[in-house]
Amino acid sequence: MSHGTDTGPGLAAPALRAKNPLVAALQRGVQAVNALVLRVSMVVLILTSCVLTYSVVTRYFLKSATDWQDEVSVFLLVGATFMTTAHVQSLRGHVGIEALVGLLPAAVNRVRAAVVDCISALFCLFFTWKSWALFFEAWTEGQTTSSSFGAPLWIPYALMTIGMGLLTLQLMLQSLVHLTGGEVRAAADLAKEEK
Amino acid sequence: MSELGIGLAYGAATLLVMFSGMPIAFALGTVAVAFMYLFMPASSLDTVAQNVYEEMASITLLSIPLFILKGSAIGRSRAGKDLYSAIHAWLHKVPGGLGIANVFACALFAAMAGSSPATCSAIGSAGIPEMRRRGYSPGFAAGIIAAGGTLGILLPPSIVMILYAVAAEQSLGRLFLAGIGPGLLMVLLFAGYAVVRARKEYRQALEIYQQGGPKSAYLDEEHFSLAQKVEMLPRVLPFLLLLLGVMVALYGGLATPSETAGLGGLLALGLVALVYGLWRPRDLAPILAGTLKESTMLMLIIGMSLLYSYVMSHLHISQGAAQWIVGMQLSKWVLLAVVLLMVIVLGFFLPPVSIILMTAPIILPPLKAAGFDLIWFGVVMTIVMEMGLIHPPVGLNIFVIKNVAPDIPLKDVIWGVMPFVALMFLAVLLLCLFPGIATLLPTLVMGAK
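These protein sequence lines are chains D and S, in that order. If you're matching positions, the first sequence starts at 0 in numbering that gives the first Met the number 0 and goes up one per residue. If you're matching positions, the second sequence starts at 0 in numbering that gives the first Met the number 0 and goes up one per residue.
Hints are not guaranteed to be accurate.
To be verified - To give an idea of the chain D side of the interface with chain S (calculated C-beta under 8 angstroms), a few residues:
hint, residue
1, Ser40
2, Met41
3, Cys49
4, Leu51
5, Val55
6, Thr57
7, Asp69
8, Val77
9, Ala79
10, Thr83
11, Gly92
12, Gly95
13, Arg111
14, Phe122
15, Gly141
These aren't lab readings, by the way, just hints derived from the structure by calculation. Note that this is a predicted model, so its numbers are computed, not measured. The beta carbon of each residue, even a glycine, is placed where N, CA and C say it ideally should be.
Extracted from the complex, chain S is given alone in its bound form:
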């Protein structure tokens, strides 16, 4: 069979097995082994287990379970609610301050926990009822939290970026730093939209009230004394120090990414024990079991994705596909648009980890040949994959929000997140026009590549 035929058969078999509902890890492994049996020397089958072990036994990849442990410890405590309450108290006088407080709380929590669903769940469970109590429309409130949660895979330490760094053979420290500028840009865009939308809803509520209609909670005054504001800080500061400490350890040259993950995990466990009294085995068991469940699932997908990519490369499928893309002689920006469109479509069905590991061998060589900086592209790709977290049909964060606020109709949640999807497109556009948003910080801190 020709290379093209094998490539098409590989793609078709993957789609068939994946859509059968087989777990992604086993599906990728099964397809890879079947094609090894059919098209590779018989001896290659003897290396299956060794291939998976050697790919997984990377200390960078194995920082993932420990970063998940850090997120799980923080996510299962009351830290999210306390963080949200403190920011809300300090920002309540700013117009649209409640919306901004939610965006900021999401960004800070995402940076501490490194997880989108955990951020949505922790901040949303406090933020959505409060926004609705204060008159915010349900869809708007849900949209802020769903979109704010996506910052979890952009701000360091991001599991998606760890995988991208491994797949694209780029510096993880540089990639983490490159995510900070665009992360802050998106925080600003989300917060700006929250202000504009809250003011619009406020004006509508005022108009209705002035015409003799019911008084919306938007029009109620809220007051926090200085003592109340200060009282909230002691519970939040240790976590902010943890966030800062992890960044200093990573970029101050004190620890490697995996050591930072171990240190962060241990410190997070220490903090939830000290601040929230979660130290007994029965308190720690759900944190540790949740971490193992999540990380085992991810690590097995990663191991099998790497086996899948190995077979794809050995059969010259990835090289052939990459050459085909280069041969189309698309202009630089059309090529980028096509690649990003493919990532969006894949995001309908696949989690970001699989998208990165399965597509990297195909899309990165043409992008590199077209002159794109792969660190910059990693950030853009991450933002595009973030969109997959909040747009149908999968939109994981939408379903987390439905869990937190089940009485908000799904239609309202979906319409509520759409403006944020548009803002993410805007962020991608701004990154294309001003790549320095992503590349400046790594260059300043770590020097030019």
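Chain D extracted, bound-state conformation:
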């Protein structure tokens, strides 16, 4: 379990590849998307810090209050959170209670992991569907936030939908890996690690 700043590597992609070549190809594709999203989200993180700092500077030094920075920051951070959740799942970074899991025999544990991934994928699929409905409604009705800035709400809802969709895909992929015989260490990754 984690309670604060991560002390491990956050950038590393998993060095395991699915045994099945088709699933492995799909895995590479999803990883490429996750890597791109991660890089964009890194920039978003710095951008949000800049927006909030700008707000303090303009208010304190230029005596001019801004009314948009909170909503922009919320949109940026909610977006970054949902968009990177698939990457975090690819690293198995969403923590769970593993106190009893370690006590199970290996074969039972494999079945448990597959079932858990399937149920998680179903939940995320449901959430993606509901996020899509929310986005569609906000888009067609032109919904905005209630502030004077009036930012369009379809933006965060769209990011939530895409992010949860990617997470669902990642979880389905992980379930598929279980069902198609698990993973092996890819030769290229091994060579990279040895260097």
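For chain D, the structure is supplied; the task is to place chain S on it using the hints.
Relative to the frame of chain D, chain S by itself:
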């Protein structure tokens, strides 16, 4: 089904799904959606995504990723080691000074980084080898760092306190201030114990040496010239200024908590670039990726915990449980003891974020009805959850220490942290006897509630 039956089923389903090893965020979401489907109007299922978004789109909650960014920038630089070396050089003549230096370094680093594991890792990687080189027993050295690291969730800016402020609808600024007094109290208790224990180990080493045994490193003299001491300051001062700057921005009325988080994150990135030359994309990428990994995991747990609490409240489970607790007519202090015991047990399995968001609707109304100040309780609850970071079976900091010093047996680490767990109990007791330790500073700075 009766409210009691639904409540019991909700609890049982949560335990079952959580112990299956499913990630906490998905487990909470799955249970909440299942109970919405079974016991709430069908239309409520349409609001799942909106509920999660509306709860997460709070600017206070969204300061969490930026505070994590600040901690990650400082945690991944050499700042921890430099801070420790400087304090050690300045305190080495004080009896037990090395132990005190480690406690102080942990407290300062925790206040800058806001993270327990990062503090253990940064200070422990320099402090534990140095303490062992100077003759400190391995368990004692590990205990100091594991316990010192826990100050990260008590001293501001604490992520746990941000969540508590949201869940209990209390002022975050007031809560941050309330954590400072107890934080300093625990620094004093830890440092006091470090002195007593170091002197005991010193006497034992001296006795063995006088009886013709081997000479322990405890008995070696260490010397730092004034030039050496002064030389260490330039690397540490900018970070102390950052710490001070963040506090001034927050309490001087210059910035809101979320603006402080953004400013702190940007300044921390600027400082590690200036002081340690970490400015290239390849230097910044691990800091930013680590921040996203940690904050995304936390924010998803927070979003789903809030959905979980919403369902619990809609089905009257939290209200029923709170009424049941009130109906037991426990005395004020027994009620507090029962609640804290529950928090300790939950701390065996769950991270503090989930404990707060899942239990707040149940435990806070009875505590408020019993006359407890919820700001004061937030501090006490945080200390109790800190214990969960260093006691088995989970004890995250214990495992961080095992990572930093793998040759120290787990048994030694666990025995080493036990006196510090006792000191935390003592701190809770002192807070019960003298609540002003927590409430005085917020009252002085922000006035009475």
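Right, here's what the structure says about each hint:
1. Look at D:Ser40: its Cβ gets to within about 6 angstroms of chain S, closer than 8 angstroms, so that hint holds up.
2. With a cut of 8 angstroms, the hint placing D:Met41 at the interface with chain S holds, because the nearest CB-to-CB distance is about 4 angstroms.
3. Below 8 angstroms, beta-carbon pairs count as interface contacts, and D:Cys49 has one with chain S at about 7 angstroms; its hint therefore holds.
4. Interface hint at D:Leu51: satisfied, since its Cβ lies 3 angstroms from the closest Cβ of chain S, which is below the 8 angstroms cut-off.
5. Residue-level restraint check for D:Val55 holds (minimum Cβ-Cβ distance to chain S is 5 angstroms; threshold 8 angstroms).
6. For the restraint placing D:Thr57 at the interface with chain S, the shortest Cβ-Cβ distance is roughly 11 angstroms, beyond the 8 angstroms limit, so the hint is violated.
7. The interface hint given for D:Asp69 is met, as the beta carbon of that residue sits about 5 angstroms from the closest beta carbon of chain S, less than 8 angstroms.
8. A cut of 8 angstroms between beta carbons decides the hint on D:Val77: the least distance to chain S is about 6 angstroms, and the hint holds.
9. The closest approach between the C-beta of D:Ala79 and any C-beta of chain S is roughly 7 angstroms, which is under the 8 angstroms cut-off, so the hint is satisfied.
10. Among the interface hints, the one on D:Thr83 holds; its C-beta lies about 5 angstroms from the nearest C-beta in chain S, closer than the 8 angstroms criterion.
11. Annotation: interface hint on D:Gly92 holds; nearest CB of chain S at approximately 5 angstroms, less than 8 angstroms.
12. Here the hint on D:Gly95 is kept, as its CB sits about 5 angstroms from the closest CB of chain S, short of 8 angstroms.
13. Taken as an interface hint, D:Arg111 checks out: its beta carbon lies about 6 angstroms from the nearest beta carbon of chain S, inside 8 angstroms.
14. Restraint check, D:Phe122 versus chain S: the minimum CB separation of about 5 angstroms is within 8 angstroms; hint holds.
15. With its C-beta approaching chain S no nearer than about 17 angstroms, D:Gly141 sits outside the 8 angstroms limit, and its interface hint is violated.
Violated hints for the displayed structure, listed by number in ascending order: 6 and 15.
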